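The chain contents come next:
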Amino acid sequence: MSPRNLMRSALLVYLVFPFLFLLSHFHITNWPEWRELLWAFKNSFLQAFFSAVFSLLLGTWVAFGLISFTGGFRRHYRMILEILCLLPNFLPPLFTLLSILNFIDPFPMGIAGITIAHTILNFGLVAVMMANIIENKIGSLAELAYIEGSTRWQFLRKAFWPLLKNDIFLLTLFIFAVCFGSFAIPLIVGGGKGTTMEVLIYEKIRLSSNWSEAVVLAVIQSAFIFAVSFFAKRGGAAGPSRVVNLRILRSFSGIGALLLIMAFGFLGYVQGVVEGFHQISAFYELQSPLLWNFLGSLVMGILVGLLAYGSLLVIAYCWPKAWFEKFLSGYMAPSTALCCFAFLIVGTNESFWPFIKIPLAFNLLCLASLHRMGWDGVLRSLEGQITIARILGANSTQIFKEVLMPQISKRAALFAGVAAVWACGDYSVSRILAHRDVTLAMMTETLMSGYRLGLATVLSLSLVACGVICFFVMVGVGNVFSRKSI
Amino acid sequence: MKHFILFVTVVFVGLFLALLNKNDETKPQEVKPTLRVFGYSSFTGQWGPGPGLKELFEKDCECQVQYIEGSDSGILLQRLKIEGDSLGADLVVGLDQFDLQKALSEQKWRELNISGLDAYDEVKPALQNSYFVPFDWGVIAFVARKGELNQPPRSLDDLMEPELKRKIAIEDPRTSSPGMQFLYWVVRAKGEDEGFKFIQKIMDQVHSYSPTWSAAYGLFTKKQAKLALSYVTSPVYHQVEEKNNDYVALEFKEGHPIQYEFMGIPDFCKNCELAERFVNLMLSDQGQKLIMQKNYMFPIIKNVKEGTPFADIPQFKTLGDFQIPPAQEVERLLKKWSEVRRGDGT
Amino acid sequence: MSLVENLFRNYGDFKIDIPSWEILDEGVTVLSGPSGSGKTSVFRLLIGIETAPDFRWMFKDHDLAKMAVPQRRLGVVFQTLDLFPHMTAEENILFAAKAREIPPEQSFERLQELTKVLQMTSFLNRPTSVLSGGEKQRVAIARALSGDPRILLLDEPFSALDQELRQESRALIKSVIEKEKIPTVLVTHDPADVEALANKVSILRNGSIVEDRRIR
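Residue numbers (the working numbering), protein chains in the order written: chain F, 256 to 741; chain G, 318 to 663; chain P, 871 to 1086.
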C-alpha cells in the first residue's frame, strides 16, 4: 500500500471510528420508533433549512459590505469587521443566545426562533466566506460588468447566480450541516419543535440508556447529510487573485446591518460583562486555578490547532482522489455525546490521556466543517499544479513538500486557528472527557451552574483572549512551516 | 527559524508538562491511598463544596482525595454503567431521586450503615433506603424579583396569569433534574390526567424549557423571564454574594417538591473504608455546613443552619411522602411530556 | 515513429475514437481541429490523467499507455502553464529535474543550456508569479524539457500570448525542438501554429482523426 493510500485509509478510519466502535460495542437490538424519528427528523430538517437559507441571505448582504473594504488602509477595517463577524464563533453559544434574547424581546419560539438564533450565530461566518468567494471567483467579471454598464440586478441574475450557484449550494450545505446537529439552541428556543435528532439522541442515552437506538439515530443523521452532499457539485474555480473593483456589488448597508446586529446583539453580553465586573474580587481567591485553566485552554486550543493543521495537511497529501473528496465533503461526525463516549470507552482516561482524547475528539467533530469552510477549495485550486508535477515525475512527497506545503501551510494554519478558537470556547467535549475543570470554558460552565452568570460572562472574555492567542500561534506555526518547506 | 521553532516547542512542552504535573498533584505522591470521588462539576469545582471537603478530609485520613468530574447526573450514571470499575470510583456523589432506581438496576452498591443522624423530618423518608444517603436537599420553588409582578403566583394555577405569558423559565425535564421535579410536582399535585392538561396549558406561559438549570436561571437573571424554576435557597445566594435582596422564592399552596442529592458507594470500590469515612465527613456538622454554604442547599442535619442566612428562609409546605420513582415510571412520564411538548404549536 | 492505437473513450455525449495514429519520432506532430473536437481530451488521454481501457502507445518498444503517469516521462505544457507561483523560474525548472532524479550537476548544466536557448537569464531568479506571459511560457517549456522527457506535449501553448509575442515564441520553440531533437505533440486550433511548426498535421473532428498528413 502506498503511503498516500495508507494515510487516506488512516484518516477514514479515524473519522468513522466512533460509528464503527459504537456499532460494534452496542449491538443494534431495536430500531427507533418511526413516528418519533420522523418528528425529530422533520424538526432538524426544517430548522436547519431555514437557518441555512437566512444565514446565507444575511451573510451575503454583509459580504457585499465587506467587499467594499479592499486594498490599502481599508484592509485593516476589513480585518476588524471580519473579527466582528466571527465573534459569535469565539463564545460558547449560550452567551450569544442570552444576548440575542435580550435584543429581540419578546422572542418568537419555535422554528422562527431557532432560525433567528442560528442566523445570528452563523451569518458572520457566511459573510466572510462569501466575500472571499466573490473576490476570488467572480471579482474580475464584476469589475468588467461594472465597466460595461451592467446594473447590479443584471449582474446578480446573469453572472452572480449562474457562476456561483454551486458555491452557494456548498455554503448552504455547510451551514445546514452545522445547524442540523445543533443541540442547545433548538431546546431553548425551539418550543414544541425543539426535539431535533440531536436532542433525541441525547434523550435516548440519558433517559432510556438506549445506546443502540442513539447510535442508529446518529448514523441516520450522518447518512442524510452524506446523501445530500452527493447532489453538490464542485464550486467554481478561483481566478487570479488581485485587487478588483467590486462597485457593482458592494453595499455599505451590509456593514450597517452587521454593526446593528452586533451592537444590539452583543449589548446584552457587554452588560453582562459590566455587571460581572462588580463581583470580580471573587476571582482573587481563584488566581491559581484561573492561571492553570488559562494555560489548560491554551494547551488544549493549541493541541486542537496542531491536530487540525496536521489533519488538513494529511488531506492535502492524499489529494486528489474522487471518493476521498466525496467522503470528506459529505462526512458528518456523530453527535458530540456519542463521539465523546466512544473515546471515553477506549483505553484509560487517567493522567495525560484527556489531553490526547479531547483534541482527538474535537478535531474529529470539526474537521468536516473546516473542510467545507474552504479547505476543499484551497486544494482544488492547486489541482493543476499537482497534475503537472505528477506528469513531470514528482512523487507524492516531493509534490507535498515543494509544491503544496509552501502554498497551503498558511491557509491550513488559518483553518486550524479557527478550530483552536472553537476548542477554546468548548466545554461539551471536555466536560465528558476530562476528570476536572482543565480549561477556562469548563470553569465558565461551572460558574454558570453555580449562580455566577456575571462572573462567567467576565471569564468568557478570557476565552476570547485565549482564542486570539491560539489563533495567532497557529498563524505563526503556518508561517514557519511554509518558509521551512521551500 | 530553527531557533524560533525550538523556542516555541520548548515553551509549549514546558506548559504541557507543567499542566500535567499540576493535574497530577492530586495523585498520590507516595504510597498514600487515593479516594476517588465521582461527582458533578458544580460539586467538585472551585465554587463547590468539593475542594473544602477534600482539604478537611486529607487533614487526618493519611490519604489523598481525587475528584472525577462527570458532567450532570445523567451522564454520570451512563459513565458508571459503561466504564464500570475501570472508572475507579470509590464514591458517587450527586444522584437525585429520579436517578436512584436506574442506578440500582444498573450497578451494585454497598450497603451504608447510617444511623443516629439528627435529620430534618423532610429528610427522614430519604434515609430509609440502604444504599444511598442524601447529603443535601432543596425545596423546588419559583423565584421572582420583588415588585416585578403585580400578583405573584400563589399556586400552580396562578402560573396561568396573563402577566406571566411567556415569562416563566423552566428546565426541560428530559435534560435537567429541576425540570423533572416540576413535571413530578404537577402530576403529584393534580393527578396524572389533570396534571398533563395543566402541562399542556402552561406551554403557552413558558418562556422556554432550558436544557440546564443554569440556562433557565440565566434567562431569569437577564430579565428575559419573570419567574424561574429554582430553589427556595436561591435568593440567599443573591443576598450573600451580591448583597442583593431583590429576589424572592414564592410559596405555592400545593406544597413543594424536594430534591435530594444522594451519595452511594459502588460495590467495585477499592478504598471502600475511606469512602465510608468521606460519607461520614459529608454528614458531619462541619461537612454539612460547607455543603450548605457552597451548594446553596439545605443541610440534612439539624442545627447546622442556625446563625446563617439559611435559618431565615421561610419554611415552605412540602409534598412529603418521599418515594424512589421506578425508572420505567419516570420514562413513561417523560414520554408523555414529550408528546404534549410536540403538540405545542409554537 | 511512435504509434497510438485503440484510443477509445466514451464521454456520454461525446466520443474519442482513434483506432490508430502515428506520432513522429522527430519534429512536431500537430493535432489540430476546431473547438470541441476533442483535442484536449486526446491530450489528457495521452498523458494518462484520463484513461482508456485498450489504449496502446508504442514508443521505442515501450507501451507508454501501460505505464503510470510519472513513469511515462513526458514533458508537458498546458494552456494554463501551471507554474508553481511560489518558486522562482529556476526553481520551477530544477523541480522537474529533481523529480526525474537527474544528478544536480547535470541538471544545472541543462539549466544553463535552456536558459541560453530560451533567453531566460534576466528573470531566472524572479518568482514566476511576477513574470510576463511570454516569460512564463518559456519557463514552462524549460521545465518540461529539464526532466529529460521522451516526448514533449504542448497544449495550446501560445493562446495566452499577444500576436507579436506569438511569432517570437513560435520561433523560439521551434529552435529548441530542433536543437533538442525531441518528438513533440502540439495541440492547437490556430492555423498559424500549424504553418510555423508542424512536420505532420492530424485534423481531429468529433473525436476522430479525419485527416493525417506530413508537411515537411
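Hints listed in this document are in silico derivations from the structure and should not be mistaken for laboratory results. Where hints are given, some of them may not hold.
Unchecked claim - Covered stretches of chain F, as calculated for chain G (at least 3 residues, CB under 8 Å):
no. : stretch
1   : 257-268
2   : 348-356
3   : 436-446
4   : 457-467
5   : 547-554
6   : 701-708
As the list claims (entries may be wrong) - To give a feel for the contact side, a few chain P residues facing chain F, derived at Cβ under 8 Å:
no. : residue
7   : Met871
8   : Leu873
9   : Ala922
10  : Pro923
11  : Met937
12  : Val939
13  : Val946
14  : Thr950
15  : Asp952
16  : His956
17  : Arg970
18  : Phe978
19  : Gly1017
Given the structure is predicted, the values throughout are model-derived calculations rather than measurements. We treat Cβ as the ideally placed atom computed from N, Cα and C, and that holds for glycine.
* To do: Could you work out which earlier hints the structure fails to respect and list their numbers in ascending sequence?
  => 1, 7, 8, 9, 10, 11, 18
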